[in-house]
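One line per chain: the protein sequences are L and A, in this order.
Take the first sequence: its position 118, counting from 1, is numbered 125 in the numbering used here, and each next residue is one higher.
Take the second sequence: its position 18, counting from 1, is numbered 26 in the numbering used here, and each next residue is one higher.
Rather than coming from a laboratory, the hints here were simulated on the basis of the structure.
There's no promise every hint is true.
[Stated by the list, open to error] Partial chain A-side listing against chain L, Cβ under 8 Å, derived:
| id | residue |
| --- | --- |
| 1 | SER11 |
| 2 | LYS34 |
| 3 | ILE36 |
| 4 | GLY39 |
| 5 | LEU43 |
| 6 | ARG47 |
| 7 | ASP58 |
| 8 | ALA84 |
| 9 | PHE87 |
| 10 | SER108 |
| 11 | GLN110 |
| 12 | ILE111 |
| 13 | GLY113 |
| 14 | ALA153 |
| 15 | MET197 |
[Stated by the list, open to error] Here are the in silico distance ranges between beta carbons for each label pair:
| id | chain 1 | residue 1 | chain 2 | residue 2 | range |
| --- | --- | --- | --- | --- | --- |
| 16 | L | GLU133 | A | GLY167 | 21 to 31 Å |
| 17 | L | ARG64 | A | ARG194 | 21 to 31 Å |
| 18 | L | ASP91 | A | ALA72 | 52 to 62 Å |
| 19 | L | ASN18 | A | ILE68 | 27 to 37 Å |
| 20 | L | ALA104 | A | ALA72 | 11 to 21 Å |
| 21 | A | GLY148 | L | GLN89 | 49 to 59 Å |
| 22 | A | PRO178 | L | ASP91 | 54 to 64 Å |
| 23 | L | ASP91 | A | PRO193 | 41 to 51 Å |
| 24 | A | ARG179 | L | ASN126 | 23 to 33 Å |
| 25 | L | ASN126 | A | ILE68 | 20 to 30 Å |
Backbone N, C-alpha and C fix where the C-beta goes; we use that ideal spot for every residue, glycine too.
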Amino acid sequence: MPKTHVETTINGEPQEFLCEPSESLLAALRDGLGLTGTKEGCTTGDCGACSVMLDGRLVPSCMVLAPEAIGRSIETIEGVAQGDSLHPLQQKFLEHAALQCGVCTPGFIVAAKALLERNPDPSEEETRYWLAGNLCRCTGYDKIIRAVLDAAAEMREATA
Amino acid sequence: MLSIRYEAPASVGEAVALLDADEGAKVIAGGTDLLVQYRSGLREPTAFVDVKRIPDLMEISIDADGLVLGAATPAAEVFENTEIRQLWPGVAEATDLIGSTQIQGRATLGGNLCNSSPAADTVPALIAVGAQAVIAGPSGERELAVEDFVTGPGQNVLGRGEFLVKLRVPRPGPRTSDAYLRLIPRTEMDIAVVGAGVALTLDEGGTCTAARVAIGAVAPTALLVPDAAAALVGSSVDDAALAGAAQAASAAASPIDDKRGTVAYRRKVTGVLTQRAAAIAAERARER
């Protein structure tokens, strides 16, 4: 059985790769394209570590078949910083020490960015519910929530 | 490992042909059940037929007749639709209860129905509002009530070459609304111990003239409970009527004991949720 040829857009750039038809988008990103910022956690859609944007919608990339990416647009953690300058969320995660082992961090940042794009001023409760599908086994979440709310405040000021 | 094919038909007819030609082919919409089942070895499809490139499957349209909801529309899109939230708040709240933000970006109402779990949250909510399932197959289209779709845990009426295209939900008339409640032991992301959906209509004086009550996770399939609806019709949805509906719903439940709850607990909670959902639906109906 020949491999499937996928032409897609990743972080604004056209990309192509070959994959097994049953391979996950997560595996294709990491193993096929070397985009290892997206992390593998549970592979059952429960942990949020593999979060990416697919045509503007937050999805677990382990629950997407790689060939589904044909003609779609994908944004991963690698597209979040602009060159050397970190996204405010990334900066605030550092300032608040909102990570320990770091495996959940890319998923949190991609998911939090999706939240702030649709709601620039979320309440703490809204933020906690939005991120309820991102599991962190190290931090206890409080620092993550503070980092997201702080980034939101800074981004609002920057656009005010 | 044998390689599995990936197919992305562009039309309903093409999908039917693919499914009819290969009994092992499985439809993939959001994949949040199917891919977990596949990777754990529970299912071994010969092909994934991705139906998300078929326009009919991705449609949301609302007109004087009601809602037409493409079976592969993601849950997030359904919940974000303000008109759906206004017209069918119970369906919207059941949709919003499913999984995380990420899962809602993939999971679909059509998939929730076709996965045919007794605990599917949107199924009792859809039954309560009188939703119809539109199925395409080798001999054309057929349509049946959602309560007749699931035949047992993981089993449904779909035959060879058939798949779910869309759901049709009739537009609610004046003073008609719905509600869905479920019990889980935490606040987010769990599987229903019990679910209850209620839709009802009030007349100008506040008397209930029509009702539909559906319960989930307490029988091999979600159940429509006409006796619970009958307890509400003719009443002002007062305490006595609510207690009658609760009793009828508890009586209709035939739950199992498992790690999520015992038979006695589930039976009791079925009544409690039915009563509460009916009270919320009535409150909403009074405001419409």
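Consistency of the hints with the structure:
The beta carbon of A/SER11 is positioned within 8 Å of a beta carbon in chain L (closest approach about 3 Å), and the interface hint is therefore held. Hint status for A/LYS34 relative to chain L: violated, with the closest Cβ pair at about 11 Å, above 8 Å. Below 8 Å, beta-carbon pairs count as interface contacts, and A/ILE36 has one with chain L at about 7 Å; its hint therefore holds. Evaluation of the A/GLY39 hint against chain L yields a held restraint, the C-beta minimum of about 5 Å falling below 8 Å.
For A/LEU43, the shortest C-beta to C-beta distance to chain L is roughly 6 Å, which falls under 8 Å, so the interface hint holds. The criterion of a C-beta within 8 Å of any C-beta in chain L is met by A/ARG47, whose closest approach is roughly 7 Å, and the hint holds. Here the hint on A/ASP58 is kept, as its CB sits about 6 Å from the closest CB of chain L, short of 8 Å. A distance limit of 8 Å between C-beta atoms decides the matter here; for A/ALA84 the minimum to chain L is near 7 Å, and the interface restraint holds.
The restraint placing A/PHE87 at the interface with chain L is violated, with a minimum CB-CB distance near 12 Å, outside the 8 Å limit. Nearest Cβ of chain L to the Cβ of A/SER108: about 2 Å, under the 8 Å cut. The hint holds. Nearest Cβ of chain L to the Cβ of A/GLN110: about 4 Å, under the 8 Å cut. The hint holds. Taking 8 Å as the C-beta cut-off, the interface hint given for A/ILE111 holds, the closest approach to chain L being about 6 Å.
The criterion of a C-beta within 8 Å of any C-beta in chain L is met by A/GLY113, whose closest approach is roughly 4 Å, and the hint holds. With its C-beta approaching chain L no nearer than about 30 Å, A/ALA153 sits outside the 8 Å limit, and its interface hint is violated. With a cut of 8 Å, the hint placing A/MET197 at the interface with chain L holds, because the nearest CB-to-CB distance is about 6 Å. Evaluation of the 21 to 31 Å hint for L/GLU133 and A/GLY167 yields a failure: the beta carbon distance comes to about 44 Å.
Distance hint check for L/ARG64 and A/ARG194: the Cβ-Cβ separation is about 25 Å, which falls inside the suggested range of 21 to 31 Å. Separation of L/ASP91 from A/ALA72 is about 56 Å and conforms to the stated range, judged on CB atoms against 52 to 62 Å. The beta-carbon spacing between L/ASN18 and A/ILE68, approximately 29 Å, falls within the hinted interval of 27 to 37 Å. L/ALA104 and A/ALA72 have their C-beta atoms about 56 Å apart, which leaves the hinted 11 to 21 Å range violated.
Distance hint for A/GLY148 and L/GLN89: a CB-CB separation of about 53 Å, consistent with the stated range 49 to 59 Å. A/PRO178 and L/ASP91 have their C-beta atoms about 57 Å apart, which keeps the hinted 54 to 64 Å range intact. A hinted range of 41 to 51 Å holds for the C-beta pair L/ASP91 and A/PRO193, which are about 47 Å apart. Roughly 30 Å separates the CB atoms of A/ARG179 and L/ASN126, a value that falls within the hinted 23 to 33 Å.
Against the hinted window of 20 to 30 Å, the Cβ-Cβ separation of L/ASN126 and A/ILE68 comes to about 22 Å, which satisfies the hint.
Consistency note: the structure conflicts with the earlier hints numbered 2, 9, 14, 16, 20.
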